[in-house]
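S.K.: Single-letter residue listing:
4 protein chains.
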Amino acid sequence: MELIGAELSRIEPGVTEITLPYRADLAQQHGYLHAGIVTTIADSACGYAAYTLMPPNSEVLSVEFKVNLLRPAKGESFLAAAEVIKAGKTLTVVRADVFGVDHQGERELVATMLGTMICLA
Amino acid sequence: MELIGAELSRIEPGVTEITLPYRADLAQQHGYLHAGIVTTIADSACGYAAYTLMPPNSEVLSVEFKVNLLRPAKGESFLAAAEVIKAGKTLTVVRADVFGVDHQGERELVATMLGTMICLA
Amino acid sequence: MELIGAELSRIEPGVTEITLPYRADLAQQHGYLHAGIVTTIADSACGYAAYTLMPPNSEVLSVEFKVNLLRPAKGESFLAAAEVIKAGKTLTVVRADVFGVDHQGERELVATMLGTMICLA
Amino acid sequence: MELIGAELSRIEPGVTEITLPYRADLAQQHGYLHAGIVTTIADSACGYAAYTLMPPNSEVLSVEFKVNLLRPAKGESFLAAAEVIKAGKTLTVVRADVFGVDHQGERELVATMLGTMICLA
Numbered sequence: 001m002e003l004i005g006a007e008l009s010r011i012e013p014g015v016t017e018i019t020l021p022y023r024a025d026l027a028q029q030h031g032y033l034h035a036g037i038v039t040t041i042a043d044s045a046c047g048y049a050a051y052t053l054m055p056p057n058s059e060v061l062s063v064e065f066k067v068n069l070l071r072p073a074k075g076e077s078f079l080a081a082a083e084v085i086k087a088g089k090t091l092t093v094v095r096a097d098v099f100g101v102d103h104q105g106e107r108e109l110v111a112t113m114l115g116t117m118i119c120l121a
Numbered sequence: 001m002e003l004i005g006a007e008l009s010r011i012e013p014g015v016t017e018i019t020l021p022y023r024a025d026l027a028q029q030h031g032y033l034h035a036g037i038v039t040t041i042a043d044s045a046c047g048y049a050a051y052t053l054m055p056p057n058s059e060v061l062s063v064e065f066k067v068n069l070l071r072p073a074k075g076e077s078f079l080a081a082a083e084v085i086k087a088g089k090t091l092t093v094v095r096a097d098v099f100g101v102d103h104q105g106e107r108e109l110v111a112t113m114l115g116t117m118i119c120l121a
Numbered sequence: 001m002e003l004i005g006a007e008l009s010r011i012e013p014g015v016t017e018i019t020l021p022y023r024a025d026l027a028q029q030h031g032y033l034h035a036g037i038v039t040t041i042a043d044s045a046c047g048y049a050a051y052t053l054m055p056p057n058s059e060v061l062s063v064e065f066k067v068n069l070l071r072p073a074k075g076e077s078f079l080a081a082a083e084v085i086k087a088g089k090t091l092t093v094v095r096a097d098v099f100g101v102d103h104q105g106e107r108e109l110v111a112t113m114l115g116t117m118i119c120l121a
Numbered sequence: 001m002e003l004i005g006a007e008l009s010r011i012e013p014g015v016t017e018i019t020l021p022y023r024a025d026l027a028q029q030h031g032y033l034h035a036g037i038v039t040t041i042a043d044s045a046c047g048y049a050a051y052t053l054m055p056p057n058s059e060v061l062s063v064e065f066k067v068n069l070l071r072p073a074k075g076e077s078f079l080a081a082a083e084v085i086k087a088g089k090t091l092t093v094v095r096a097d098v099f100g101v102d103h104q105g106e107r108e109l110v111a112t113m114l115g116t117m118i119c120l121a
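Protein chains in written order, with my numbering: chain C, 1 to 121; chain D, 1 to 121; chain W, 1 to 121; chain X, 1 to 121.
These aren't lab readings, by the way, just hints derived from the structure by calculation.
Small disclaimer: the values here were computed from a predicted structure and weren't measured.
Incorrect hints may have been included.
As the list claims (entries may be wrong) - Output of the computed footprint for chain D on chain C, the stretches with three or more beta carbons under 8 Å from beta carbons of chain D:
hint	segment
1	10 to 16
2	51 to 63
3	84 to 97
Stated by the list, open to error - Partner residues aside, some chain C positions facing chain X, computed with beta carbon under 10 Å:
hint	residue
4	ILE4
5	LEU114
6	THR116
Unchecked claim - Far from chain C, by Cβ distances over 10 Å, these chain X residues were calculated:
hint	residue
7	GLU2
8	GLY5
9	GLU7
10	LEU8
11	HIS30
12	THR52
13	LEU53
14	PRO56
15	LYS66
16	ALA87
17	GLU108
18	LEU109
Note that beta-carbon positions come from the ideal geometry of N, C-alpha and C, so glycine has one too.
With the rest of the complex left out, here is chain C (with noise of 0.2 Å):
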């Protein structure tokens, strides 16, 4: 997340959401937004949200997560949302909507997610 520029926007119980500004060198060989990064912010954001309804002092675990890549990855900035579908003991299961923003704050969603992260005490 330092290595790449990304914050956390916001957190709520189930939901959170990662902001990214653009980089350069975060991009694949036609300037858009590499799949690998798309993921990661994906990914963080499923597992914080997850993480927000877990006890205190537990951990939080990716176990599997599939990505649809929608389309190219452009913006100014990258939004990744993601909310808890169903939260468990052991498992939550959690989507997450990435976004390319434009300058003018204009979304477009630019890949999906659905994860299984899990909680160790």
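Using the hints provided, position chains D, W and X relative to the given structure of chain C.
M.R.: Relative to the frame of chain C, chains D, W and X by itself:
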């Protein structure tokens, strides 16, 4: 790939490997390789593997992938090994395993990916 | 669909619903709807949802999907509700939720799917 | 499994096979095995494979799975072959391939699954 120091260490029709030396700034809070980085090298290996079977002048994009994170990603280096399962004119399905490699060269499977790549003419 | 008694109960551009009454022979050992049946109605709903946005004379096929089984699939009937997230010329990405419905009509989310459909001319 | 006529044809620690003879009422509009049935036998094979490595008196449930449908599912019979990739105390990750088998016994890969199973005590 350059940002993180990964390199394509093997490339044959339908099969590729990507190698990544460990770096502390690619790790998460426990010192293991960040899931986003694990995913990035797996996705890149899948993309190149699909690309080897596509016609000249085509371009490859990741449509979607699923990753299972199996163990803490520890190692002195990491190896993402991808192989095409089904090559098609439009879509190619690829599997990748990511291994942590210790100082003796012993490999441990840390993640596995199943993904779909698309060929753009 | 006929074998299991499911029917398309709603169809609009990019949105569909499939309804399935409970039947004991569709259940697994604990009396809940079998995961394969849950998946079948979700996949069918996704396919139809994608199809509504495709040109005449095209055909839809499932490329891949991921399902999270969230709770035991209990209910007097089941509802799979699908919506297109991104429609493309070739690929369409669809999300579906499957609900168990009790005798009072109360819905409980039992599974969620994220899948990719392809349009064949 | 009984409804569709599938049977567990091989079971060893971490490895299982399920066999399903073709039946017209399990097919979709083109006469190929319905994706939901392909998924059902793959999921069942994964569940049993995980179960072979779990302690006595435990129970196995599918947490989630992803399927790639690679080719039209044609054959006189179908074989779902599953193997455990990583067995854990709580979660077990399993891979399955589904083959169509023709009258000469030739196999063709028609689908592949990657899934996560949970052990309930």
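S.K.: None of the hints should be skipped; say for each whether it holds.
M.R.: Do the hints match the structure? See the list:
A count of 0 residues in the segment 10 to 16 of chain C with a Cβ less than 8 Å from any Cβ of chain D is obtained; the coverage claim is therefore unmet, three being the minimum. With a threshold of 8 Å between beta carbons, the proposed coverage of the segment 51 to 63 of chain C by chain D holds, since 3 of its residues qualify and at least three are required. For the segment 84 to 97 of chain C, the stated coverage by chain D is violated: 0 residues have a C-beta nearer than 8 Å to a C-beta of that chain, whereas at least 3 were required. The interface hint given for ILE4/C is violated, since its Cβ lies 26 Å from the closest Cβ of chain X, which is over the 10 Å cut-off.
Among the interface hints, the one on LEU114/C holds; its C-beta lies about 8 Å from the nearest C-beta in chain X, closer than the 10 Å criterion. Annotation: interface hint on THR116/C holds; nearest CB of chain X at approximately 6 Å, less than 10 Å. Taking the minimum C-beta to C-beta distance to chain C, about 29 Å, the non-interface status of GLU2/X holds against the 10 Å cut. Even its closest Cβ contact with chain C, about 31 Å, leaves GLY5/X beyond 10 Å, as expected for a residue assigned away from the interface.
No beta-carbon of chain C is positioned within 10 Å of the beta-carbon of GLU7/X; the least distance is around 29 Å. The Cβ of LEU8/X sits about 26 Å from the closest Cβ of chain C, beyond the 10 Å cut-off, so the non-interface label holds. For HIS30/X, the requirement that its beta carbon stay farther than 10 Å from each beta carbon of chain C is met, with the minimum near 26 Å. With 10 Å as the threshold on Cβ separation, the claim that THR52/X sits away from chain C holds: the shortest Cβ distance comes to roughly 21 Å.
Interface exclusion of LEU53/X from chain C stands, the closest Cβ pair being 18 Å apart, more than 10 Å. The Cβ of PRO56/X lies farther than 10 Å from every Cβ of chain C, with a closest approach of about 21 Å, so its non-interface assignment holds. Once the 10 Å rule is applied to beta carbons, LYS66/X is inconsistent with being away from chain C; the minimum gap is 6 Å. Against the 10 Å criterion, ALA87/X stays outside the reach of chain C, whose nearest CB is about 14 Å from its own CB.
No beta-carbon of chain C comes within 10 Å of the beta-carbon of GLU108/X; the shortest separation is about 26 Å. Taking the minimum C-beta to C-beta distance to chain C, about 21 Å, the non-interface status of LEU109/X holds against the 10 Å cut.
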